[in-house]
Amino acid sequence: MRRLSMKEALLAAALSFGLVAAPVLAGAGQAGDTDLGRTLYWEGIGADGQPITGVTQGDVKVTGAQFSCVNCHRPSGFGTSEGGNYVPPIIGSVLFEDKTPNRNRMFKDLYQEVQPPGFWARVRQPRMRPAYDDALLARALRDGVDAGGHELDPIMPRYDLSAADVANLSAYLKTLSDEIDPGVTERDIHFATIIGPDADPGEADAMLRTMELFFEWLNKDTEGDTNNPTFSPNYRSNFISAYRYWQLHVWRLEGPSETWRAQLEAKYAEQPVFATISGLVEGPWDEIGSFCDDNRLPCIFPNAELPTPGEGRYGYSVYFNRGLVLEGEALGLHLADRDTPPARVVQIHGTGPQGMRPARAFEETMAMVLGETEIETVTYEDEAGLRAALAAHGDAETLVIWPQDAAEAVAVLAEAPPAAARIFLPSATQTSAVKAFSPDMIARTRLVWPYDAPDSYHPRKFRIRGWMHSRRLEVSHPRIQLQTYYALTMAEFGLMHVINDFYRDYMLEIIEHEAENELNPGTHPELALGPGQRFASKGAFIAELAPDKRVGYRVVSEWIVP
Amino acid sequence: MTLIKPVSRSARFGLAAVSFFALVAPAVADHPGHDHDGHDHAAQDSTGHDHGAGHAKQDDHSGHDAHAGHGEHAGHDMSQGEDHAAMDHRMPEHLGMDMGNTAEAAMRPDGFQYKRSANDYVMPAVTLRNQQAQKVNFAELMDYDGPVVLNFIFTSCATICPVMSATFGQTQEDLVAIDDSYMMVSISIDPEYDTPRRLREYAQLHAARDNWVMLTGQFDDIFTVVRSFDAVYKGENKMYHRPLTFLRQGKDTPWLRLEGLLGSEELAEEYAALLRPEVN
Chain A
0 MRRLSMKEAL LAAALSFGLV AAPVLAGAGQ AGDTDLGRTL YWEGIGADGQ PITGVTQGDV
60 KVTGAQFSCV NCHRPSGFGT SEGGNYVPPI IGSVLFEDKT PNRNRMFKDL YQEVQPPGFW
120 ARVRQPRMRP AYDDALLARA LRDGVDAGGH ELDPIMPRYD LSAADVANLS AYLKTLSDEI
180 DPGVTERDIH FATIIGPDAD PGEADAMLRT MELFFEWLNK DTEGDTNNPT FSPNYRSNFI
240 SAYRYWQLHV WRLEGPSETW RAQLEAKYAE QPVFATISGL VEGPWDEIGS FCDDNRLPCI
300 FPNAELPTPG EGRYGYSVYF NRGLVLEGEA LGLHLADRDT PPARVVQIHG TGPQGMRPAR
360 AFEETMAMVL GETEIETVTY EDEAGLRAAL AAHGDAETLV IWPQDAAEAV AVLAEAPPAA
420 ARIFLPSATQ TSAVKAFSPD MIARTRLVWP YDAPDSYHPR KFRIRGWMHS RRLEVSHPRI
480 QLQTYYALTM AEFGLMHVIN DFYRDYMLEI IEHEAENELN PGTHPELALG PGQRFASKGA
540 FIAELAPDKR VGYRVVSEWI VP
Chain B
0 MTLIKPVSRS ARFGLAAVSF FALVAPAVAD HPGHDHDGHD HAAQDSTGHD HGAGHAKQDD
60 HSGHDAHAGH GEHAGHDMSQ GEDHAAMDHR MPEHLGMDMG NTAEAAMRPD GFQYKRSAND
120 YVMPAVTLRN QQAQKVNFAE LMDYDGPVVL NFIFTSCATI CPVMSATFGQ TQEDLVAIDD
180 SYMMVSISID PEYDTPRRLR EYAQLHAARD NWVMLTGQFD DIFTVVRSFD AVYKGENKMY
240 HRPLTFLRQG KDTPWLRLEG LLGSEELAEE YAALLRPEVN
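Chains as they are written, first to last, in numbering that gives the first Met the number 0: chain A, 0 to 561; chain B, 0 to 279.
Hints in this document: simulated from the structure, not taken from any laboratory. Any given hint could turn out to be false.
[Unchecked claim] Here are a few chain A residues that face chain B, going by a calculated C-beta distance under 8 Å: (1) PHE66; (2) THR79; (3) ILE154; (4) HIS512; (5) ASN516; (6) GLY531; (7) TRP558.
Source: prediction; values computed, not measured. Idealized CB from N, CA, C, for every residue including glycine.
With the hints as constraints, model all of the structure from the sequences given.
Shown next, in the form of structure tokens:
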């Protein structure tokens, strides 16, 4: 992937050399190449195809391979703040305009987040400067002097850039966050939630009831606040332009996953949305994920067991965790951590993605950490196939089962318990297994549990429960509903910081930044992202079934992070 | 501008920061595992180290004035008054309602200065993992009776860690030239994302020598180490962390705490001054 883009960049650079070389020599003022500017911004590669070099903190040499513009100024160009270092926005509409005292702009800065005193002093006494042009931009990038003649902070590297580099970057910055993203009007902001054809109707209903109620109450607040715009406690009137009514569109998919892409495109064409929030999809998210990436549409925390494989860095889907693949890897590490690792493991899995993906992940992890252990893998097609596989291999010492359909597998196991000393199942079997299994089966069964331990404390969980109870929302599927609430919170807080800069990249950056605040609804031990990160929770426990407990399980291992 | 209690969601735009703080502060206040508060001063108090001793030698250090007074650190407490003023008043530091909030502070590029102080920290005996995925007892690692240069980073960090790591990377040569018996330690504050594999890649990116140890581990263990270095960040959100570098001469000497970003020469000079105070 990266290799390819390098090649492309080199090719583009080689091409542009022929095209741009003459004007470079002729002097400034040539039109920059936006694509090359993008390569410079994202990958730190200059017009000559080589990583750019610069000096930060006075004498620390850095190359574009170590970090580039996007690190600090972010994909949206709105900048960030970290450790007291405020990185200002550098989008074209800010850079190439005068910076003048503007009360609303200052408020935006003021209310972002907790910051050290130097930051606040700066915000209260902002530096004014005239607009940049390409010559001033070149001076700032090379010599660290801003358009007003002030010295830039030393953390901003002084870069060794050619005239072509500056022109390319200038061209790219002018395209950065230059138009409000689709799905927002003067009055409304539109969101969708995606429900797959195989989604459990009870779960889908619980998710939608949570979302509808959240939208309803948010819009009631908006109505109250905007009906009296001149009433302005806490400077509210400064933010009137940021209020939008939230509109929810339910996108129900039908048929096989190969047809989803077309369905999504049609729904999006009919009503563009700013983002999709939550959602409930059985099976792989891959089709939906590529739709989100191609449309640069944030898809925020869907309830999905099979996220698109890979790290998804800077992708547009943000997930709770890596789902079943994580479960497979965590189980491998758990077996390796035992005092006497098993000599042989029989793995039975369905032939659909719910069976295949965790099975492959488990095998790969085992090969890495327990190369000596023999793994026999058996696949099955349907219920009868599972029965046959259990009859043939159920007496193995250690049995791992990755069912295509969790409830079906639990029914089969309850009816004809295998003789295995230890049976490992994925988390999705928990609710049905705790009811259906005999005490003997329960004693031999362990689950991979990528959620929180039952007794952990998350203050936010109680607030959310209170919110739900006071609005008479039936909490029939707690995890789905709490996860959905978290997704909604992320969208709400993301927009709150965006104010009226309705750019999707900007909102995603704020979600990355804020995910780790005490907003965890108690579903996972930690929920946190970082720049470019797309999986908020990274590990799993091993749990046993506990019919004596209200929650029906008990955690029996450390938190395992593959 | 005062700290306004969040009245209702009606103020959700205007009070973004304030309501975040309100969420965070009570939340962590009664959090059993992590007894720090949402702002710096309380955090320092809660770690239990003694301000009198711990920050007695604090001073503002400017990279511009060519390190005039390296030998005089011990008695050099000119900025103490200002610091204590900040300690005494009750306004949370992050609101900036203090004497440092001046036009001069606003115009000064922050990055050319850092604060230094000498502190005694107790090394906790938690088990972490290095970039080779080997288990490492942190207290035993720190039992090494030689110079240590240490910081807290995370590999996906956008702004300050790449600079801190580049500084470490580039300064390695100088440190070797001064005294190559040092150990360099970078501790990830995003341990679940920063697996040993990611730390190995990160080490490669910054041309780390073999004596640069990168550590990850269980979240609670990492946070124990963070707390023992008085390096807690607000709301337990790693995105609010601060640029801190710690230097030590031997296992029984105090830690020199440098708060702020350093240049390579500055780091090398601090190291040289620490090892050979008589030369300077």
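**Request:** Please write out, lowest number first, the hints stated earlier that are contradicted by the structure.
**Result:** none
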